[in-house]
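Based on the provided sequences and hints, a complete structural model is requested.
Protein chains: 2
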Amino acid sequence: MNFLEQKILKDGVIKQGNVLKIDNFLNHQIDINIIRQIASELKRRFHDVEVNKILTIEASGIAIATMLGHLYDVPVVFAKKGQTANSTDDKYMSQAYSFTHKRMNNVFVSKPYLQPTDKVLIVDDFLADGQAALALIDIVHQAGAKVMGIGVAVEKGQQKGGRILRNDGFHVESIAIIEEMNYEEQSIRFLEQ
Amino acid sequence: MNFLEQKILKDGVIKQGNVLKIDNFLNHQIDINIIRQIASELKRRFHDVEVNKILTIEASGIAIATMLGHLYDVPVVFAKKGQTANSTDDKYMSQAYSFTHKRMNNVFVSKPYLQPTDKVLIVDDFLADGQAALALIDIVHQAGAKVMGIGVAVEKGQQKGGRILRNDGFHVESIAIIEEMNYEEQSIRFLEQ
Chain A
2 MNFLEQKILK DGVIKQGNVL KIDNFLNHQI DINIIRQIAS ELKRRFHDVE VNKILTIEAS
62 GIAIATMLGH LYDVPVVFAK KGQTANSTDD KYMSQAYSFT HKRMNNVFVS KPYLQPTDKV
122 LIVDDFLADG QAALALIDIV HQAGAKVMGI GVAVEKGQQK GGRILRNDGF HVESIAIIEE
182 MNYEEQSIRF LEQ
Chain B
2 MNFLEQKILK DGVIKQGNVL KIDNFLNHQI DINIIRQIAS ELKRRFHDVE VNKILTIEAS
62 GIAIATMLGH LYDVPVVFAK KGQTANSTDD KYMSQAYSFT HKRMNNVFVS KPYLQPTDKV
122 LIVDDFLADG QAALALIDIV HQAGAKVMGI GVAVEKGQQK GGRILRNDGF HVESIAIIEE
182 MNYEEQSIRF LEQ
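Residue numbers (my numbering), protein chains in the order written: chain A, 2 to 194; chain B, 2 to 194.
Treat the hints loosely; a few may be bogus.
Since the list gives no way to pick out one identical chain from another, each pair is judged satisfied if it fits inside one copy or across any two copies.
What the hints assert, rightly or not - Straight-line alpha carbon distances no greater than 25 Å define the calculated DSS-like cross-link-like pairs of lysine-lysine that follow:
no.	residue 1	residue 2
1	Lys147	Lys44
2	Lys82	Lys103
3	Lys82	Lys22
4	Lys11	Lys112
5	Lys11	Lys92
6	Lys92	Lys16
7	Lys16	Lys112
8	Lys103	Lys120
9	Lys147	Lys161
10	Lys120	Lys16
To be clear, the hints were calculated from the coordinates, so they are not data collected in a lab.
Here is the structure:
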């Protein structure tokens, strides 16, 4: 069992409705040691890939993306999201449905921050239905840039995001993949990698 | 002139209405080298202060806070914001008016992530009217914890936030303090520190 699986078992809380709450170390309070290990492990898993930009989406992807940008020594871009459709003249825009907030969000990146020469590693804290990742991929492609891989801390293996992305031929790395969660027993089974 | 003042002069864009746009290196695309320098400089300026937690507010404060948490080796907490007033049983909540979005935001932190023993350094990318900083201070005090200082990258010296906070006795450090901006001439004068 790796460091993140151990941390999830120790500090994660399973809520009803297949919700895993890990905001005590990943997406509200940040355990900086875990973020460092996540970033190192993602860099290790993508060691054979050239990366010159890290792309994530606000807000909770930013911590991992910053630490990864620090390790790679490359710029980090975080896509913004909002409900309102502003002028898109100067932005690449896509859409992602937020299951948490039950609404469609616009996701956008200002055009100067993605160039056709960019080799982009997309990172995020969670991969579930893949809505955010698919929106980010769409944006990278609009810019004529290349998606070198998608790296996430926690993948909810019961949801379809990882399957869609891998079927589309993307190199996806998830440090912990949850195969099964049981609310009554507060138990989690991870996919062996 | 320090590294951040130089960077602002080189890459910042002054927009009409006293708006400084530095989203090419700080709050949309992140120049990781600048973030590293900002974090180091804030740690240097607060060297005589004990800190065991970094607090910021989503989204654009997270990059600086993460790098600072990495340097201090302490947990980082980012306050969340939203318009809806959810149950506050398990949260410390305050309010901040967003001049950018022209609305009042609730700002909240889950109670377990601020303890009375915490010595908190509040950090953010910008300090203008001080709305976000005052909300974070309010939240730290609700938790019975201590505000050790407020560190920001860029302070808009023409706006009242810095004055309010310093008058209240807080130790405020801003790496670049803008004294005057001129849209027609695209010129910026910084306060000498």
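#### Entry: Hints breached by this structure
8, 10
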